[in-house]
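In case you want the letters, here they are:
2 protein chains.
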Amino acid sequence: MISPVDQRTWLVSESPFNPFKLHHTETIFTVGNGFMGVRGTFEEGYSGDLATTLAHGIFNHAEGDLVPDIVNLPNPLPVQVLVDGEAFHMTTGKVLGFRRTLDLKRAALTREVLWRTSKGVVVKLTFERFASLTNEHLLVQRVRVRALLGSPQITIRSSVDANVTNLGVQHLADLHTSVSGAEILVTARTNQSNYGIAVCAAHSLSIESAVQSEAERVSYTFALPQENEVGLTKISAIYTTRQGDQPAHMAQEATRAALKKGYETLFAAHCAAWEQYWHTSDVQIEGDELAQRAVRFTTYHVLIAAPRHDERVSIGAKTLSGLGYKGHVFWDTELFMLPMLTVTQPKLARNLLMYRYHNLQGARNKARANGYEGAMFPWESTDTGEETTPQWSHPQPDGTRIRIWTGDNEQHISTDIAYAVLQYWQWTGDDEFFVKHGAEIVLDTAVFWGSRAEYNAERDRYELSMQIGPDEYHENVNNSAFTNSMVRWHLQQALAARNWLLTHHREAGEALLARLNITEERCAKWSDIAAKIYIPRDPETGVLEQFDGFFQLERLDLTHWQPRVTNMDWILGHERAQRTMVIKQADIVMLMALLGDQFGSPEVQQSNWDFYYPIVDHGSSLSPSTHAWVAARLGLLEDAYKLFMYAANIDLEDLKGNVRDGIHAAACGGVWQAVAFGFVGLSLDERGELQIKPNLPPHWRSVTLRAYHRGQLKTIRLTAEN
Amino acid sequence: MISPVDQRTWLVSESPFNPFKLHHTETIFTVGNGFMGVRGTFEEGYSGDLATTLAHGIFNHAEGDLVPDIVNLPNPLPVQVLVDGEAFHMTTGKVLGFRRTLDLKRAALTREVLWRTSKGVVVKLTFERFASLTNEHLLVQRVRVRALLGSPQITIRSSVDANVTNLGVQHLADLHTSVSGAEILVTARTNQSNYGIAVCAAHSLSIESAVQSEAERVSYTFALPQENEVGLTKISAIYTTRQGDQPAHMAQEATRAALKKGYETLFAAHCAAWEQYWHTSDVQIEGDELAQRAVRFTTYHVLIAAPRHDERVSIGAKTLSGLGYKGHVFWDTELFMLPMLTVTQPKLARNLLMYRYHNLQGARNKARANGYEGAMFPWESTDTGEETTPQWSHPQPDGTRIRIWTGDNEQHISTDIAYAVLQYWQWTGDDEFFVKHGAEIVLDTAVFWGSRAEYNAERDRYELSMQIGPDEYHENVNNSAFTNSMVRWHLQQALAARNWLLTHHREAGEALLARLNITEERCAKWSDIAAKIYIPRDPETGVLEQFDGFFQLERLDLTHWQPRVTNMDWILGHERAQRTMVIKQADIVMLMALLGDQFGSPEVQQSNWDFYYPIVDHGSSLSPSTHAWVAARLGLLEDAYKLFMYAANIDLEDLKGNVRDGIHAAACGGVWQAVAFGFVGLSLDERGELQIKPNLPPHWRSVTLRAYHRGQLKTIRLTAEN
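Chains as they are written, first to last, in the UniProt record's numbering: chain A, 1 to 722; chain B, 1 to 722.
Just so you know, these hints were derived from the structure itself, not from any lab.
Check before you lean on any hint, since a few could be wrong.
As a list, the in silico SDA-like pairs of lysine to any residue whose alpha-carbon atoms are at most 20 Å apart [stated by the list, open to error]: (1) A/119 with B/573; (2) B/656 with A/97; (3) A/642 with B/15; (4) B/119 with A/396; (5) A/436 with A/513; (6) B/656 with A/13; (7) B/656 with A/19; (8) A/21 with B/15; (9) A/119 with B/566.
Please model the entire structure based on the sequences and the hints provided.
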């Protein structure tokens, strides 16, 4: 049995059922395995529920839509239980008790319901599901019915719901459902991208009972004597043409093989695989069970979204837990989710970086289209690697459309990706990856910046105009301190990487440099840019000016604007927000997080914090964890802990009010960073050695985490005493 | 400023506003001071809200009702804020942020709302209230409006709502409202009990602005420039003819005097008084902030309900936080709330015991009416001290009425009261109270039992037929092991008390014994009953049989009946539940709690626990805390902690689904007992000396609590190490 402390720190429970949080709980109770994500929708279905089944890489650009969507696949969940002919539903009869529990340790979702029919029969229904980590094509379900009072006749019906859309947008064509024996097969293809899709569901009942195959479902009917229990195992396999030419055949083979193994065997293997995940990724906090559970919850959601066996897909901003941002991949992956994986699951981190490597062509296309050289990564990316940020919003209520500038001007994404590559390389020492793949990303994005930087001859400096930094309230600004600083850092790193290649892997290095046309002249220009790029700053205080003219904006005292959940951008209106010194998220503070002590002296860091912390709106879910990280490093533990707990509960408590659209994956990864890089103070020093500068919240008794460093798994344990 | 750890352990917050929990939050955000209780209803009013203002002792038996009600008094809360003519309401305009916080340390409720009008003006509204602990007739409110965006015209309207009922039942007559200047006076009387009531509200605005006196309200209208703030202080006094003949005059005098002092002065005095309360009643838990906060929350609700200056009132089962159980007083007070007060606030405990003393006549009346001698306390008690348990329920949907037997047969209440008196005496050493008042309660209830016990000549034993023990699923049973055991204990204590009186206070003792007609013969009979009263028990295991025939009932395995929130009594139906071995609450386990090691050997205690724990339904909110206490004593720490946390969160998380009716006060007191008597293992040994047998939950770093022992305040601090 699970121990009480494990119950409190590994289980996320809902009890009683709260119909008003239907969409919130659907999101947080998502199960997944790096291939698929299945929202926590109920088997019997509810009005307005958002059943969503997603698989990495299956995008489709429907006619009339602005950009591609990740495709909502046929829903394998539906199971209906009838008790003496009365269909179980939590709005009929009487629910005598309800508990839904996500077991983070085992990555399994269980719902227990005590239900009394209108005629007075009482049954206990237990619904279990997990997305197998050992066979990532399998969603495994079990539905158990126990007669507690009365001996009813039970009918169980199971189907695969092919009548699915993305909130009304139809992506599937050629839908076909067939039923044979206890097996249901649904096939389809996406109507633009032409991915073939197959979902096959097979069933097995724990007692002898004839299966009835109907048009689109299978059913069993049997008598259930009081105090007896019957279980239905339903195993669904999802395959697409991304896995092979015959997804239907593969799905059938997989379900049949799995059915032979049975629920318990599959679950045991799944749990063993999760034990491996947690062995390296679990952060253990003693003295703060709420923080402990929240950190496990956020870690879980990154892990279930991280592709295990596929290096041509990446994690969207909302993971596979909802349709928000249409499954698109942003900088969230590289700067928020990847660090946790780099340190604790380097193989998964490598997959994600390889996604960018394989999509260099899209980045090169974007650079060409914009008149630049090298690789300019898209702000939003899908299966094609092309820029998929919409240029315009859908029409507003007043008929106008809003121009979306991020795809044009939020160019720091290219440097963010280079940062992630270099971070991975430093932590893992994976030279093979770097030489073959990583260096090309770092260097070709440097080529882009070399072609992008604007020389201001009058002032003998380089500048970048029309940028959007992390603070998206201020668009198309000149000389974003964040972007310019990161570009300087990027070019320095690119030059160092070039030297390293030529020193340690001369042949491969020279070939790569030749292929990317990285000449001596180009390198000289990089040096010049790095030396002369303009970074606006108050010379007296050392406070960076977020961009040209920022210090002249109207300053709003946010002190009295609490408690605020609505974004200031919305309250003030976008036009006015642009003219106001209120920022969406960590921008200069993000720079402090990324650069660490390279940012400046402790005094300069404190001055920048003091200036920017009071004006940040946290309008992005990415912001609080970054602030927590930096506050911890600066020793501001009260702020750090408050921000950390806010970040850790964004999804659990739906603090932004939009969890229905999916998990805030960057916040999840950010929570790990706040603990590891902030409170624990983990970093690599100049020689690449592990370094710890702890700043623990005073009530934490201990923190234990694991980190791979150059292939060695290290255990770092800090206690309150030391 | 309040420290972060204090924020997490002293503040109970709601954010965002959850309209579906309106009644739950109204209850948990009740403020009070031992004289009045005011539910956390919003100043601007919402459809279906349950504004409730209660004062101890004001009951009324409306025509057509079965029993008296505590009377819902005129509501002093209403304040309406209009911004440019638009009335603030959280369903109009847009709420940009909402946070409601009950500060347990300061016993004050604050609501902060950022609100945007439909025209785009943004204001911050802050609503504060507290029920003054230094002048218990005062409810003090402050409403602050700050213009954040725009410079609106503000109108503030304030009234006292006299249009109040108890869920439709009208208790008030002769209602009269008058307004003079900034003062509103509402007077009324109860239509059966004829209590006179006055509520006077006075106002003061932080800026110069003419007050407009209208028919039933006062209002102010003024311009509010951006970034300015204006505050309205509203002070309401409640007096009744229980305080004097001229409640209206007293209320006016009180509000005028208070208005002169002003909000800050009143609040500072209030906070200082609460500091005194917490100095002795606060239990400090390190290593478990959730438990820490929950214990403070439950302690708060007992403290705000405990009468400070009135010994003719007591605390109803739902305190003054809701209309559940009509304000009636049950055994909940003596066995669940009183122990905490006896140990940490003995003056308050004495007030509650004096309520029973002053109502001995009602208990004597009940004994006579039932053909017994002495004092037989009512199962439900109000201002009169007479039995006020209804004999019948209101008609059910099918027209039938249910006979309610508790008023007839739940006779253990008399012994529960005697237990509380003796416990108070032992802890405080307050001989004066005991000689003058307490002994009379203990002895005259013993007289009742002496007349009540039935002699079975055939078996030469005493029996008690037609009883209801704590487990109310089984009514009118014979030889309730709980009741019979407690009667034996009671008679033994009465004999000892008699001897003590004759030894130490001969004159007073003889007078009392003579007055109560406690003769040598009567005492001999008590001895005989105590020696021969029948207590059903399995002779092999030592397991008590809850009552005659209990072991023969149908045994239901409750293992599979989880998660269950509905009571088994409801699920099975009352008739079947009577025939089933499922119990409502701690019954034998309650006996174990009360008798401690007198119950039996450790093995016998464990056997009884093992038998009864699996069949308890916790259908009463009194049950989990008692189980937690006993489990802790038995060293069953995992169960103990789980049960403790359940008890501690019954109201905070509305685990029983009925917090709308009021706080579960017994559960609140029970939580303190679980910590003090269970985990800390505090008790008095045979010589009356303090004894500690700790059984702390393993993750608790320390527990600190204070206890008055014979007038000395002791600090008990346990750490995980010792």
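For each hint, the structure was consulted:
no. : hint             : in the structure
1   : A/119 with B/573 : holds (13 Å)
2   : B/656 with A/97  : holds (11 Å)
3   : A/642 with B/15  : holds (15 Å)
4   : B/119 with A/396 : holds (19 Å)
5   : A/436 with A/513 : holds (12 Å)
6   : B/656 with A/13  : holds (17 Å)
7   : B/656 with A/19  : holds (18 Å)
8   : A/21 with B/15   : holds (15 Å)
9   : A/119 with B/566 : holds (17 Å)
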